[in-house]
Each structure stands twice: as structure tokens, then as C-alpha cells.
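Novice: Going down the list, the sequences are from chains V and U. Quick note, the first sequence lines up with residues -17 to 178 if you use my numbering. Quick note, the second sequence lines up with residues 602 to 1183 if you use my numbering.
Simulated from the structure, these hints should not be mistaken for laboratory data. Predicted model, so just to flag it, every value in this text is computed and none were measured. Incorrect hints may appear among the rest.
[What the hints assert, rightly or not] Ranges of calculated distance between the beta carbons of each label pair, as one might list FRET restraints:
(1) U/K1106 - V/G14: 39 to 45 Å
(2) U/K685 - V/G143: 39 to 45 Å
(3) U/G688 - V/N28: 44 to 50 Å
(4) U/K685 - V/Q119: 32 to 38 Å
(5) V/Q102 - U/K1102: 35 to 41 Å
(6) V/A62 - U/K1145: 56 to 62 Å
(7) V/H66 - U/T611: 18 to 24 Å
[Unchecked claim] Below, a list of computed lysine to aspartate or glutamate pairs in the DMTMM-like style, where the Cα atoms sit at most 20 Å apart:
(8) U/K657 - V/D(-8)
(9) V/K40 - U/E617
(10) U/K1102 - U/D679
(11) U/K1004 - U/E961
(12) U/K1145 - U/E1156
(13) U/K615 - V/D150
(14) U/K697 - U/E648
(15) U/K615 - V/D121
(16) U/K615 - V/D1
(17) U/K1158 - U/D926
(18) U/K871 - U/E769
(19) V/K40 - U/E823
(20) U/K697 - U/D605
(21) U/K1014 - V/D121
(22) U/K1102 - U/E648
(23) U/K697 - V/D(-8)
(24) V/K40 - U/E608
(25) V/K87 - V/D121
(26) U/K1004 - U/E960
(27) U/K1047 - U/E990
(28) V/K40 - U/E607
[Said to hold, decoys possible] Just a sample of chain V residues kept apart from chain U, beta carbon distances all over 12 Å, derived:
(29) Y(-4)
(30) S(-2)
(31) K57
(32) G72
(33) A78
Where is the CB? At the ideal position from N, CA and C, for every residue including glycine.
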Amino acid sequence: MIAFRYTKTDGAEYLSHLDLLRHVYRTLRRAGIRVEMSGGFHPHPNIFMNNPLGLGIKSVAEYCAVDAVFDGDFKEAFNAHSPHGVKCSGFRVVSANPNYAESIKSCAYTARGISPFDPQEILQRKSIVICDLRGRQTDIRERIYSLACADGEISFTLGCGQKNLRPDLFCAYLQGLYGGAAREIIKVRSIGDGTF
Amino acid sequence: MTVDIEELRTLLLKCEKPSRYTGGEYGAPVPEERGCRFCLCFPDLYEVGMSNLGIKIVAESISRRGHAADFCFAPYKDFGAGLKERGVPLYSLALKKPLGEFDVLGFSMQFELSYTNLLYMLASAGIPLTRKERAGKSYPLIAIGGPCAVNPEPLADFIDIAFIGDGETVDADVCDLFIKHGGATDAFFRDAIKLDGVYVPALENKVKKATVRDLDAAVFPEKFAVPNCESVHDRAVVEVMRGCYNGCRFCQAGFIYRPVRTRGVQTLTKQACSLIAHSGYEEVSLNSLSTGDYPHLRELIKSLKERLPDGVTLALPSLRADTFDKDFVQDARRVSVTFAPEAGTQRLRDVINKNVTEEEILHAASSAFDIGYSAVKLYFMIGLPTETEEDLRGIARICALIKGCYRAKPRQKPLRISVSCSTFIPKPFTPFQWERQADGDVIKSKRDALLKALNVKGVTVSWNDDFTARLEATLARGDRRLCAVIRYAYENGCAFDGWNKELNKQGWDAAFERAGLTYGEYTRERAEDEKLPWDFIDIGVSKKFLLEERRRAYEGKSTQSCLKGCNGCGLQKSCPAAGGVK
Chain V
-17 MIAFRYTKTD GAEYLSHLDL LRHVYRTLRR AGIRVEMSGG FHPHPNIFMN
33 NPLGLGIKSV AEYCAVDAVF DGDFKEAFNA HSPHGVKCSG FRVVSANPNY
83 AESIKSCAYT ARGISPFDPQ EILQRKSIVI CDLRGRQTDI RERIYSLACA
133 DGEISFTLGC GQKNLRPDLF CAYLQGLYGG AAREIIKVRS IGDGTF
Chain U
602 MTVDIEELRT LLLKCEKPSR YTGGEYGAPV PEERGCRFCL CFPDLYEVGM
652 SNLGIKIVAE SISRRGHAAD FCFAPYKDFG AGLKERGVPL YSLALKKPLG
702 EFDVLGFSMQ FELSYTNLLY MLASAGIPLT RKERAGKSYP LIAIGGPCAV
752 NPEPLADFID IAFIGDGETV DADVCDLFIK HGGATDAFFR DAIKLDGVYV
802 PALENKVKKA TVRDLDAAVF PEKFAVPNCE SVHDRAVVEV MRGCYNGCRF
852 CQAGFIYRPV RTRGVQTLTK QACSLIAHSG YEEVSLNSLS TGDYPHLREL
902 IKSLKERLPD GVTLALPSLR ADTFDKDFVQ DARRVSVTFA PEAGTQRLRD
952 VINKNVTEEE ILHAASSAFD IGYSAVKLYF MIGLPTETEE DLRGIARICA
1002 LIKGCYRAKP RQKPLRISVS CSTFIPKPFT PFQWERQADG DVIKSKRDAL
1052 LKALNVKGVT VSWNDDFTAR LEATLARGDR RLCAVIRYAY ENGCAFDGWN
1102 KELNKQGWDA AFERAGLTYG EYTRERAEDE KLPWDFIDIG VSKKFLLEER
1152 RRAYEGKSTQ SCLKGCNGCG LQKSCPAAGG VK
């Protein structure tokens, strides 16, 4: 199995998760990297990605594992055939599926454009209730792991997977409190077993 | 000027499928701004347009001649409204250039219900809709091509040029002339109409359609752009053949794409392998109007299987029941098979010259069932000339016979039959171009009778909207007076007329009323000696032949496939099947 880290930038942030999956598979096919298929009536390629990234959010830390064997430089082969903005930045040959959808528990992001504020004000709160995309009232406090603010850039770590919090929702919350307009929200790191 | 996608971020995130509008597809060539700057515009959504082969061929031919070719698709209403609100003009996908900054906009008109979308795209780009309003100002030339261009009159006021026939060379020839004359000068137009396939509405010139003689030597792209989001036919496509040998009397494509020309097995294998290697697709579709008639089909399938990478499947989307062969069936899942008998009785099939017999349909269905298919989709038309109740009962009869075939042997699953009924729409350049389209209430009573007869377990029936069919028939055989109607309809908010949920009948009704015209004037029967709006176009097939075919239809006589012998349609001298080309 090959596990790799890749980007979703330069326009690729507008690709849906399902379309991205198709693009990764086609990239591997173009590169001549044979992916094992699942069995059954509707076989599909064994490609395992981390949890879907919200549409429009850039990332330099997406992870994926593919059931394939490749002798050459995987990164070079992948990048020679991948779409704009979907580029491999590191890979490992692994013996078992790291199952990134489960193993990545939190992600670090940066963003610009929000007016300066004191992060302690947020971190000291016991409860922060926002309205999520489905219109439900949710307490997000326990999903915020870290928050810092320096030189016009904020960096923060949020829960991923079961305790997921979308970075754009979080930024919208900060924006509501402190003003400004969030831009360049980028996932810079995924944290969990099997990442590198 | 270019449009900055980053600045459209908030709009993109509010819209359905934002990757429709961002460009940067894998394999999409980035055009250099050189020569004549041509934008291929497709008046439908990205996922429909990205599946179209024609615009890819034309773009390839234009860029090989040293001009710039870019693409633009109709934005869905959410994005279109957002652009308007922000004052951003509609832009091309690769260069992100406002359409107004191109030299030529070439619209691919695939069906009549996209006419309002042409206006919608022009308006979204801030380009005045009519030629008159654009005169003397620096706007792009507005051109149309594709099957609807064979009757360009309903769009005549909006366009500067119509390309009629094959687009492999004529579009690029016009680009060359544009550069030679330094723009769209009077001399440019005078030279352009000397080319086969160029119609200039302002000059009202007579025109002969452009024809590519040798498909093996014709331009074909080595690679396709892989769409950002899934397109309707997300696969590699090769065109095995252009034209059709059969001459079904209702079928416009069967006449306007004559004579039949084929590509060689070697060329097709090379093209398919190249497309698969460059795209990563898992399927190659062997396209034509009737792939089962391709003379070297077995050889082609063998060659493709040997040369394509493992796991690439072949799709043969247009097999007639009489050419159905289980060896051609490539779909591993084998769920549903589609046949198009078009009419319920042999008599009516002879009238429309659909030379498929009941035995052939049943034989094809049986062989499909034997290799595992358990669902059949059947296409029929209602409202055909000379149709009687017996013909409608015949549709139910075919369904019953197919059921019988299925029951003849023990099978694992229950059989599903879906019957799809479309309303007959008379089209220009067919033997039925003079026919009346049955009125809505007649169609409705016919359909009610059919539904009653087909009220059988396991059979589902679907049909197309009556108003849509009437509108399509009106526009298809329209004249210049319809330009006003189309404009009013657009102003009343009509766009995406082919999409059921967007259909705006009130908008169209009001447009006809305002123009003082009725649908009935266009759906009526035309006299044989009447001057038809498209008579000035020489499509190759003679009017005499079409009239003779019409007479044979009423006599219930079928006409043989061109493969069995020449029927003398008027193209004998240039037709390979007739021995006219060595």
C-alpha cells in the first residue's frame, strides 16, 4: 500500500470529494499505477481518503492511501499526471491501511483577514454555541484545540472526524465577534496516526 | 482583462458545483493569445457541453492553424445571476477572458430548445443581442454551428455567420480570413461566403454545406480535457462513422450528415489508445448514428481489445435491433438493453422507413435475455404521419411479445420494460419536413389510449412534455419572424427550455402573442410547392429525393439501406457507399 500527502489548492479546492476521488483514480491510471479493485457486483478502486474537506477550503495536508504497488518515485509519477492543484508532497510505502478517515483526529489551519483579537478571550470560554450549516445550535468549544493570532494571521487547530468543526464556520464566528473578512483559509497539517 | 476567480470565491461557494466555472481541467490546452481569438460557446451546462465531441474537434482544428481556441458554457441561473449582480461579464474557461474580448464566439447549437440560452450567454457577457445593435461597434463576430444551423433563420437576427455542415475545416478557414482581412470587414464577409458551409444572414447568400471527404485524414484531438466535475458522458469517445445508411424518414441526422463516411480500424485504435492514455478514462464509446452498421465492427473490437489497457470497457451506444449481436455486448453488468422500434406495427415502421422487423426485435431481445439482461427500454414515437389506433395497440403488442420471449425460459429476475414515447417532431431536410405536427389534444388522447393498453405489470411508460415538443417543432421549422419571439421569450425569463424544471410556458406564450404569431403557423402541414425557410441551403440530398421518399411513405413502401444499393439521394458522386469516391 502507498500512503501519500497531497494538496488541494489552485482551484482544486472547488472540487467535490467524489470528483476528487475520481481525479485521484484517473491520475493513477494515467501514471500507469495499477490500483487493486474491491470485489463484488460494483467493483471500485481501493482508494482511501481522509474525511472530506469543505468545498472552497484549501489544503496542503490531505492524506490518501491506495492499494497499489509501485517501484519508482511515486511522487514524481503522480505529479506528472495529476490535475492542477492536486500535487503529492510526500509518500510512504505502508503495510496496512492507515485509515485516515478514522485516524486523523484534528487539523491545523491558518487564515487571514480577521481583525486582531486576544485568543485567550475565546479559549477561556466554557461554551461557544453557533448555528451550523444545517441550522442546528451546536456547542463548538470542545472542538477548538488551539488558537493563536500573530501578524494578521490566525492559526488554529480544530477537531476532525467525529468531533469535526469546519474552519470556515469557525472563521465566520470569529468574524462576527471581531470584524474583518476571513480569506485564505488553508489546512496546513493533519494530526493523527499514520500522518507524516 | 481577465476575471480573477479568487474574487468570485464567495459567489462560487454559494453556487451548485462551483468547479464548473473555474477551468484548469487536466489535459485542457492553455491557448496562447494569437491569431484569431475564437471562443467555442456551448449553450448548456458545463457537464453537458464537456461531453460534446464537435466543439473539441473544432477547437483542435482552430488551434492547429495558429489561432486561439477557448471554451465557455452556459452558467446555471445561480452563477449567472451572481455574475450580473457583481457586474462581472461571462468569461472563457482557460483564459478567463470576458467573451466580449474575443474575435469570434462560435455557438454549438445542438437542439432548438437551447436558442434562448444563446441570448442568455450573450447578455451575460454584456454583448448586445442583435446584429443591428452591434453594428459598427467592436464586438465579437457571433457564429453558430451544429445540427440546428441547417435552419439558421430563427436565429438570423442574432448572428453574423452560420457554419453549415462539417466543422473540421471551415471554422478555421474563416479564422484565417479574419486575420487576412484584419477583422470582420465587408471584404471578409464577401470572401467567407465563397467557402462551402458559410452563411451570412446579412447577405442572404445561398450556401452548400461543408463536407469532410476523408475522416481518417480529418482533424481529431489526441487528448480531451478531463472535466472537473462528472460530465453526462464521462468517457473517451471516438467517432467510427459519420452519417447513417438507413434513411429513417423522421431522422434529421440521417439526412444532413450524408454521405456516410467511415474511419479506419487503425485510425480509431490509435485515437482510442491516445485518449485513454491521456485521460485515464475506463471506457471508450464507439459513437456514430448506427454503430452496428460499421462495416469493420468485429475487427475494430478485436483491435481495441488487443491494444487498450486491461480493464477498459467499450460502449456501443447506438446499436439497431437488426444489428444487435451478443458479441458486441461489452457491458459487464448486463442490466438494461435499449431498442428503438419507433412504431408499433410493421405498416407504420414501413411508413417511417425504420427497417426493423418484429422478428428482429424479438430475436435481439431473446439474445440479450440469454446473456443475462433483465430490463428492456423501448423508444417509440407518437403522432407519426398516418398513425392509427392499431399502431398504438401495436406498441402494447410488442411489449407482450417481449414478455413472452422472457418467459420462454426460466430466468432469475422479473423482467422490467420501460416504454418511452416521444412526440413526433417534423424537422427540416427530412422526407417529413412538410408534415403537420399533431396538436396537443390529439397527442394527449393518443397517449391516453396507449396508457390504457399498456397498463400491464412490469411495464412503465414515460413521455416527453407536450409543450416542449410543440416548441421544438415550432423553432425547428421556423423562419426569421421567430427571432422576435425568441428575443421576447428570453426577456420574459425563458432559458434552459430543455430542462423540465426551467420550462416557462407562459413566457413563450406571451412572446408569441407580442410578436403576433402562433405556434400553429409553424406546426401546420407545409404545401409541397411552398418555399421553405431553409430552401436556400444545399444539404446535398435533393428535394426531389425527399419528396419521392415522402410519397413512398404514404404508399407504405420502405427504402433499402444504402449498404444494399444506392437510392439516388443526390449525393451519388461524393458517396463512398455509392462508389462515387474511389
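Novice: A separate judgement is required for each hint: does it hold in the structure or not?
Specialist: Now the hints, each set against the structure:
{"no.": "1", "hint": "U/K1106 - V/G14: 39 to 45 Å", "in the structure": "violated (53 Å)"}
{"no.": "2", "hint": "U/K685 - V/G143: 39 to 45 Å", "in the structure": "holds (40 Å)"}
{"no.": "3", "hint": "U/G688 - V/N28: 44 to 50 Å", "in the structure": "holds (48 Å)"}
{"no.": "4", "hint": "U/K685 - V/Q119: 32 to 38 Å", "in the structure": "holds (35 Å)"}
{"no.": "5", "hint": "V/Q102 - U/K1102: 35 to 41 Å", "in the structure": "violated (51 Å)"}
{"no.": "6", "hint": "V/A62 - U/K1145: 56 to 62 Å", "in the structure": "holds (59 Å)"}
{"no.": "7", "hint": "V/H66 - U/T611: 18 to 24 Å", "in the structure": "holds (22 Å)"}
{"no.": "8", "hint": "U/K657 - V/D(-8)", "in the structure": "violated (25 Å)"}
{"no.": "9", "hint": "V/K40 - U/E617", "in the structure": "holds (18 Å)"}
{"no.": "10", "hint": "U/K1102 - U/D679", "in the structure": "holds (14 Å)"}
{"no.": "11", "hint": "U/K1004 - U/E961", "in the structure": "holds (15 Å)"}
{"no.": "12", "hint": "U/K1145 - U/E1156", "in the structure": "holds (17 Å)"}
{"no.": "13", "hint": "U/K615 - V/D150", "in the structure": "holds (13 Å)"}
{"no.": "14", "hint": "U/K697 - U/E648", "in the structure": "holds (18 Å)"}
{"no.": "15", "hint": "U/K615 - V/D121", "in the structure": "violated (25 Å)"}
{"no.": "16", "hint": "U/K615 - V/D1", "in the structure": "holds (18 Å)"}
{"no.": "17", "hint": "U/K1158 - U/D926", "in the structure": "violated (27 Å)"}
{"no.": "18", "hint": "U/K871 - U/E769", "in the structure": "holds (19 Å)"}
{"no.": "19", "hint": "V/K40 - U/E823", "in the structure": "violated (32 Å)"}
{"no.": "20", "hint": "U/K697 - U/D605", "in the structure": "holds (8 Å)"}
{"no.": "21", "hint": "U/K1014 - V/D121", "in the structure": "violated (51 Å)"}
{"no.": "22", "hint": "U/K1102 - U/E648", "in the structure": "holds (17 Å)"}
{"no.": "23", "hint": "U/K697 - V/D(-8)", "in the structure": "holds (14 Å)"}
{"no.": "24", "hint": "V/K40 - U/E608", "in the structure": "holds (15 Å)"}
{"no.": "25", "hint": "V/K87 - V/D121", "in the structure": "holds (18 Å)"}
{"no.": "26", "hint": "U/K1004 - U/E960", "in the structure": "holds (14 Å)"}
{"no.": "27", "hint": "U/K1047 - U/E990", "in the structure": "holds (8 Å)"}
{"no.": "28", "hint": "V/K40 - U/E607", "in the structure": "holds (12 Å)"}
{"no.": "29", "hint": "Y(-4)", "in the structure": "violated (4 Å)"}
{"no.": "30", "hint": "S(-2)", "in the structure": "violated (7 Å)"}
{"no.": "31", "hint": "K57", "in the structure": "holds (17 Å)"}
{"no.": "32", "hint": "G72", "in the structure": "holds (21 Å)"}
{"no.": "33", "hint": "A78", "in the structure": "holds (25 Å)"}
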